[in-house]
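Chains as they are written, first to last, in the working numbering: chain A, 1 to 367; chain B, 368 to 734; chain C, 735 to 1101; chain D, 1102 to 1468.
Keep in mind that a hint or two might mislead.
[Claimed, not checked] Derived pair list, reagent style SDA-like, types lysine to any residue, alpha-carbon separation capped at 20 Å:
id, chain 1, residue 1, chain 2, residue 2
1, D, Lys1371, C, Gln1051
2, B, Lys637, B, Gly535
3, A, Lys270, B, Asn679
4, C, Lys1004, D, Asn1416
5, C, Lys930, C, Pro1028
6, D, Lys1371, D, Ala1319
7, B, Lys637, A, Asn315
8, C, Lys1004, D, Glu1201
9, D, Lys1371, C, Leu835
10, C, Lys1004, D, Ala1421
11, C, Lys1004, D, Lys1297
12, C, Lys1004, D, Lys1371
13, A, Lys270, B, Ala687
14, A, Lys196, B, Glu515
15, B, Lys637, A, Gly116
16, A, Lys270, B, Ala675
17, D, Lys1371, C, Val1055
18, C, Lys1004, D, Val1422
19, C, Lys1004, C, Ala1042
20, A, Lys270, B, Glu686
21, B, Lys637, A, Lys270
22, D, Lys1371, D, Ser1250
23, C, Lys1004, D, Asp1213
24, C, Lys930, D, Glu1361
25, A, Lys196, B, Glu627
26, D, Lys1371, D, Pro1395
27, D, Lys1371, C, Glu882
28, B, Lys637, A, Glu100
29, A, Lys270, B, Glu467
30, D, Lys1297, D, His1430
31, D, Lys1297, C, Leu835
32, C, Lys1004, C, Leu835
33, A, Lys270, B, Asn682
34, D, Lys1297, D, Tyr1268
35, C, Lys1004, D, Gly1419
36, B, Lys563, B, Ala675
37, A, Lys270, B, Arg683
38, C, Lys1004, D, Glu1361
Read the hints as simulated data drawn from the structure, not as lab findings.
There are 4 protein chains.
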Amino acid sequence: MSSSFGRLFTLTTFGESHGAGIGGIVDGCPSGILLDEAQIQRELDRRRPGSGGLAGTTRRESDTVHLLSGIFEGVTTGTPIAFFIANENQRSKDYSDLAELWRPGHADMGYDKKYGIRDYRGGGRSSGRETAARVAGGAIAQALLATESISISACTVELGGIRASDYGADAPEDAADRPYAAICEEVLPVWDDLVKEIRSAGDTLGGIVRIEARNVPAGLGEPVFDKLDAVLAHALMSVGAVKAVEVGSGMEAARMHGSEHNDAFFPPEKAGEPPRTTTNHAGGILGGISTGGPIILHCAVKPIPSIALPQNSVNRQGEAVTLRVGGRHDICAIPRIVPVLKAMTALTLADMLLRQRRMNAVPEGRA
Amino acid sequence: MSSSFGRLFTLTTFGESHGAGIGGIVDGCPSGILLDEAQIQRELDRRRPGSGGLAGTTRRESDTVHLLSGIFEGVTTGTPIAFFIANENQRSKDYSDLAELWRPGHADMGYDKKYGIRDYRGGGRSSGRETAARVAGGAIAQALLATESISISACTVELGGIRASDYGADAPEDAADRPYAAICEEVLPVWDDLVKEIRSAGDTLGGIVRIEARNVPAGLGEPVFDKLDAVLAHALMSVGAVKAVEVGSGMEAARMHGSEHNDAFFPPEKAGEPPRTTTNHAGGILGGISTGGPIILHCAVKPIPSIALPQNSVNRQGEAVTLRVGGRHDICAIPRIVPVLKAMTALTLADMLLRQRRMNAVPEGRA
Amino acid sequence: MSSSFGRLFTLTTFGESHGAGIGGIVDGCPSGILLDEAQIQRELDRRRPGSGGLAGTTRRESDTVHLLSGIFEGVTTGTPIAFFIANENQRSKDYSDLAELWRPGHADMGYDKKYGIRDYRGGGRSSGRETAARVAGGAIAQALLATESISISACTVELGGIRASDYGADAPEDAADRPYAAICEEVLPVWDDLVKEIRSAGDTLGGIVRIEARNVPAGLGEPVFDKLDAVLAHALMSVGAVKAVEVGSGMEAARMHGSEHNDAFFPPEKAGEPPRTTTNHAGGILGGISTGGPIILHCAVKPIPSIALPQNSVNRQGEAVTLRVGGRHDICAIPRIVPVLKAMTALTLADMLLRQRRMNAVPEGRA
Amino acid sequence: MSSSFGRLFTLTTFGESHGAGIGGIVDGCPSGILLDEAQIQRELDRRRPGSGGLAGTTRRESDTVHLLSGIFEGVTTGTPIAFFIANENQRSKDYSDLAELWRPGHADMGYDKKYGIRDYRGGGRSSGRETAARVAGGAIAQALLATESISISACTVELGGIRASDYGADAPEDAADRPYAAICEEVLPVWDDLVKEIRSAGDTLGGIVRIEARNVPAGLGEPVFDKLDAVLAHALMSVGAVKAVEVGSGMEAARMHGSEHNDAFFPPEKAGEPPRTTTNHAGGILGGISTGGPIILHCAVKPIPSIALPQNSVNRQGEAVTLRVGGRHDICAIPRIVPVLKAMTALTLADMLLRQRRMNAVPEGRA
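Based on the provided sequences and hints, a complete structural model is requested.
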């Protein structure tokens, strides 16, 4: 099922940027979880066009979510939770000249090769709009995770090559309320200047997002193919524009010695808890299984491919054309991609939590 | 199913390093593919202990594969292909003192938290030995891919922070026959010196592996959650020791402008073929769908956690201990990990090839 | 995923009888299939309350389907096809006294035991209303099957123990237009009399439905667990009220000799076609794989459990109560169940068709 | 995955009747379950050729099972449990003349149409020998179910049209030790006479098997597509020779009134338990969810298609031939099919038990 994610806590999505709307079904959510539309709407509002400060677009949609099933008297019933977000602001005329063109950096050509037909209005399923359904599904996952006190945060640590840590100390806890979801306050004017410069040049930017999950119990993840980090990599890399995923020390792990990279174990503060560590090169995952420590992930986000500068391209007949993308586009997928990456992390952890529950639930004293 | 990979071309594996042996079942391989044990054995021999030159261990096993089903008169029948590799050289006494300890950098603690029981002899399913079953399954996948002329290569581009490209020009085509599966000849003495130095220090090393798939048709991959790069990231990150996966430009994409990162399209040499590009920052995948160009991936491999130096750790009761890992261990997972990463890439592409076949097979002229 | 059916052609449904509405997502439908809302509406109209003649209810809803995604310029794009059917006529007051009761023959008690919470208004997911989403999904499956000229029909062969074949010759081709979807015209007055009598007695009836699929190519179905008949049995038994599924000779097979039951093979009329048979005890499936002949299935439908007569029951506290179900209910699930069974057969065959396509698509002359 | 059964407790099988052997992998079995080869061997011995009394074949194999992984110190570790049963007694010469023929009632033709190639020695995957792997997997499932005190029995209630209940009272508890796994002692001489008569006529017989599962907790099964009875029907119909599956009242439900069919609820003996019933027309399942009462299933088993009498058939070229099956064959799939049906029931219940565990495990007081 190409449009579903998860084995036990499953999100199936649908919708294009220029149809009736987008939506999804969360199946497998346990009963008894408090859930209302406001919780989902709060996450969606962070992904909304225009929320990104200088880097955002002018396309504005309210992105109002409607729950269609699975809730009764304010709690989940254990049955499928469907939701829908209507499309409001569709300007098909902006896109209709793209029917015969393949844009560099976009999925246009691949869709034509895959399906032989393509909804050329705004990218169809490859549109960033598809991610609103992920954010809604992720909000439901977070409601489940909250029952176990698991929390997830995400923030931007680098934009266009400028690292936030060169300008201020990490303060990820307030990132969601800052422009760019920046990890610190001090870097904001520097990034603003860069964005203005790039915008006037008709170009676009990329960046790096950091995701952290706290209070994840030790023992989540499967030993072989569905290692926790493998499924997280799948989840994050499935977001368009992500070109790399790092767990813990990431690429840098390749340059460390074993004696540096190993996170030494120290006795826990309370008996029965996982051991303490003073470093976290593992990123909270060893052998594919959570250690109980914070899970740390980084994603590289590529620059948005829709640039105002002229580009060499071809049409569906394979003939050379010069392409100049009109319309008003985002300069950077950051920060709108940040709640999407958070949502994918939540969906993964919710699924892995349920997968683990089946394993350790042999009634004690019976086996 | 935690021990299965793939939706249509599926590998399910079993076995521990200190049981009867390891093996697996490939289900969903089409009928009529030429396949014999020699093809599989050839890939297994590249993963065998001792094949790694200076970085390898002295544990030697023949790792002889036996096909148990699914082949008739030299070709696949379309039914499950099972294989088995017996364990030969088990020295349980080397490991028995680890029953009560949790080794830093290893999965020991996670297994105890997950299952409440752990086969402490050599790591159980978290042992590197498990990967032999992946290599065997990957060889079967490669037999299928060969019917479409798809080929995969893998080589080492960096070891312990020393980049091969600083010493010689890329020559990946011969990498499989070089020590370390190195991408060039010239770096070999430099890496040898580094390995000797690290071994005498009782420490270990990591590195970076590059995987390339050629002749992959345009159109593989699913638009949303099962993007081709997402499933490849899942596949590669599921190999123990991998801490990061990059597609195309990878982490560097975060620092490029859109005008740099977009691979401009030029008319193909033959009508109907995908457009040509002179760059490949996309790594052969756009919007999660293959473009027809070479697929380029990089994996960061962490240093092996079993080091000879003393380490702080705890036992199952959470009490502090000083751990010194005995036995003879590899200095680096490279190059033995190289055929494993190649196998996981092959398994992913075989599955995606079959997934695509169902989509485009509406008889022409009927729809 | 408890609310999904199919591996490659997948239907995921949602919705309760007393929420916003019901709907679903079909994922995996190939691109290029002609599809519009009218095709789906036509099937839905056959399932609509009031369509059943004397046996039906007076609850009337238009059951208007809206396609939300996956169609562009009148054909499928290969992306998920979502649809929604709003609930219109909800009389919650009819049901609110059932919150604390468990009705015999209903799922009430099981839901409470399973989830600890239950949407008691009209049965939640166990409501017959859920089947409208199956009918819509099945209509999409039939659009795919039509590209291969595969057709499915369903009709009623027995009602309340009265067999149609005792009154007239089989004429299944016109069944969809007859009351009760009856297999012949002559039995109609007899069934009408029976229904009137049972209704006045405050009781309900069951019956037997026959499903036939024609022009199914030989070779569909998997050899072991996903035999074609096994998946069909799963599909049909998943419809509430079905208590038995028969393939071909069904229960009667247990009383036949091998020499009677074997369908002898005779040369086909055209070379390359499957052999002809003059009998069809196999029901078009041998060893779990379609033979190319008509697939014949029968389902036993139990009487509707909501009866007007008083019944012994218990409440959620386990205390004895006397239950008398109010409201106006159907006397028999037939004929409204008939298009549902047809839809489930279509969903199964569409999935099996795509599953087979991946297997036989090794390019000729390459293997 | 065509050779896998189950979502969380999964059995994947491999092997043909004339290859190295058959086997399988059980994945998803929780850790801490007591399991040894003897438990599995006991079930296998009941399926062994020659165990069937007069109805059995003379092909004798020890069918010795070997556990290859997943067990440590006598208990399951939570990792995949693989097993292998070597083929011993292969007389390929008995079958080689069938390479070019399609036998009526067999899967030969379907395999050729499906795969274009067929292992004609003994039927390949369609051989009854494949079911030994199901019995082994089922024995592991029963070990899990035993931790919840769930037990399953199966027995023969009808053979060649002769019903046991016409000759003696039901005594299913001892059926496993009787010839034909008969439900009573008194019918044995009658069935023996029938078998002798049919054997001398060169013909074969079918029959009906009854399966009962006790102590299944209320709440197993999913509301829509994976109703407990739907998955059980899938499981049982996936056994070759089964042509019908009945739940509870089965086909007879179609002829009952609602007032007869509803099982009235009475207060339970202990508070918190499911209500009592004095009838069980539901067969222990309502709305697809277990009620806590005994689960009752019946399967119709068709006569074995390999008969000694001459039959009309065709060869692969479609030319008419007269077929006379040589070799010594069983007269009836009963009783060897009985432990297979029991195993499939166990596999289904084990999977459904784990599927339910994930749902009800929200820590109390947190939601």
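Structure-based check of each hint:
1. Of the supplied pair hints, the one linking D:Lys1371 and C:Gln1051 holds, its CA atoms being roughly 11 Å apart against a limit of 20 Å.
2. Under the criterion of a C-alpha separation no larger than 20 Å, the hint pairing B:Lys637 with B:Gly535 is inconsistent with the structure, at around 34 Å.
3. Of the pairs offered as hints, the one joining A:Lys270 and B:Asn679 holds, with about 18 Å between alpha carbons and a cut-off of 20 Å not exceeded.
4. Under the criterion of a C-alpha separation no larger than 20 Å, the hint pairing C:Lys1004 with D:Asn1416 is consistent with the structure, at around 14 Å.
5. This hinted pair does not check out: C:Lys930 and C:Pro1028 have alpha carbons roughly 36 Å apart, beyond 20 Å.
6. Note on D:Lys1371 and D:Ala1319: the hinted pairing holds, with a Cα-Cα distance of about 15 Å set against a maximum of 20 Å.
7. Taken as a hint, the B:Lys637 and A:Asn315 pair is honoured in the structure, with Cα atoms around 14 Å apart against an allowance of 20 Å.
8. Our distance criterion of 20 Å between C-alpha atoms is met by C:Lys1004 and D:Glu1201, whose separation comes to about 19 Å.
9. Using a Cα cut-off of 20 Å, the hinted pair D:Lys1371 and C:Leu835 holds, with the two alpha carbons roughly 18 Å apart.
10. Note on C:Lys1004 and D:Ala1421: the hinted pairing holds, with a Cα-Cα distance of about 13 Å set against a maximum of 20 Å.
11. Restraint check: the Cα-Cα separation between C:Lys1004 and D:Lys1297 comes to about 42 Å, which exceeds 20 Å; the hinted pair is violated.
12. Taken as a hint, the C:Lys1004 and D:Lys1371 pair is broken in the structure, with Cα atoms around 68 Å apart against an allowance of 20 Å.
13. A distance of roughly 13 Å separates the Cα atoms of A:Lys270 and B:Ala687; the hinted pair therefore holds under the 20 Å criterion.
14. For the hint linking A:Lys196 to B:Glu515, the alpha-carbon distance of about 48 Å lies beyond 20 Å, and the restraint is violated.
15. Using a Cα cut-off of 20 Å, the hinted pair B:Lys637 and A:Gly116 holds, with the two alpha carbons roughly 18 Å apart.
16. Proximity of A:Lys270 to B:Ala675 is assessed by CA-CA distance (about 30 Å); at most 20 Å being required, the pair is judged violated.
17. Annotation: proposed proximity of D:Lys1371 to C:Val1055 holds, straight-line Cα distance about 17 Å (limit 20 Å).
18. Of the supplied pair hints, the one linking C:Lys1004 and D:Val1422 holds, its CA atoms being roughly 17 Å apart against a limit of 20 Å.
19. For the hint linking C:Lys1004 to C:Ala1042, the alpha-carbon distance of about 58 Å lies beyond 20 Å, and the restraint is violated.
20. This hinted pair checks out: A:Lys270 and B:Glu686 have alpha carbons roughly 11 Å apart, not beyond 20 Å.
21. Between the alpha carbons of B:Lys637 and A:Lys270 the distance comes to roughly 68 Å, so the proposed pair goes past 20 Å and is violated.
22. Between the alpha carbons of D:Lys1371 and D:Ser1250 the distance comes to roughly 18 Å, so the proposed pair stays at or under 20 Å and holds.
23. Restraint check for C:Lys1004 and D:Asp1213: the C-alpha separation of about 17 Å stays at or below 20 Å, so the hint holds.
24. Between C:Lys930 and D:Glu1361 the CA atoms are separated by roughly 18 Å; this keeps the pair inside 20 Å, and the hint holds.
25. Under the criterion of a C-alpha separation no larger than 20 Å, the hint pairing A:Lys196 with B:Glu627 is consistent with the structure, at around 18 Å.
26. Of the supplied pair hints, the one linking D:Lys1371 and D:Pro1395 holds, its CA atoms being roughly 17 Å apart against a limit of 20 Å.
27. Proximity of D:Lys1371 to C:Glu882 is assessed by CA-CA distance (about 58 Å); at most 20 Å being required, the pair is judged violated.
28. Distance restraint check for B:Lys637 and A:Glu100: the Cα-Cα separation of roughly 19 Å lies within the 20 Å cut-off, and the hinted pair is therefore satisfied.
29. For a cut-off of 20 Å, the pair hint linking A:Lys270 to B:Glu467 stands: about 19 Å separates their Cα positions.
30. In summary, the hint linking D:Lys1297 to D:His1430 is supported, as the alpha carbons are separated by about 14 Å, within the 20 Å threshold.
31. Note on D:Lys1297 and C:Leu835: the hinted pairing is violated, with a Cα-Cα distance of about 56 Å set against a maximum of 20 Å.
32. Under the criterion of a C-alpha separation no larger than 20 Å, the hint pairing C:Lys1004 with C:Leu835 is inconsistent with the structure, at around 62 Å.
33. Between A:Lys270 and B:Asn682, the direct Cα distance comes to roughly 14 Å. Compliance with the 20 Å bound is thereby established for this hinted pair.
34. At most 20 Å may separate the alpha-carbon atoms for a hinted pair to count; D:Lys1297 and D:Tyr1268 meet this at roughly 19 Å.
35. The straight-line distance between the Cα atoms of C:Lys1004 and D:Gly1419 is roughly 9 Å, inside the 20 Å bound, and the hint therefore holds.
36. Proposed proximity of B:Lys563 and B:Ala675 is supported: the alpha carbons are some 14 Å apart, at most 20 Å.
37. Between the alpha carbons of A:Lys270 and B:Arg683 the distance comes to roughly 13 Å, so the proposed pair stays at or under 20 Å and holds.
38. Distance check on the hinted pair: C:Lys1004 and D:Glu1361 sit about 53 Å apart at the alpha-carbon level, beyond 20 Å; violated.
Consistency with the previously given hints fails for numbers 2, 5, 11, 12, 14, 16, 19, 21, 27, 31, 32, 38, ordered from lowest to highest.
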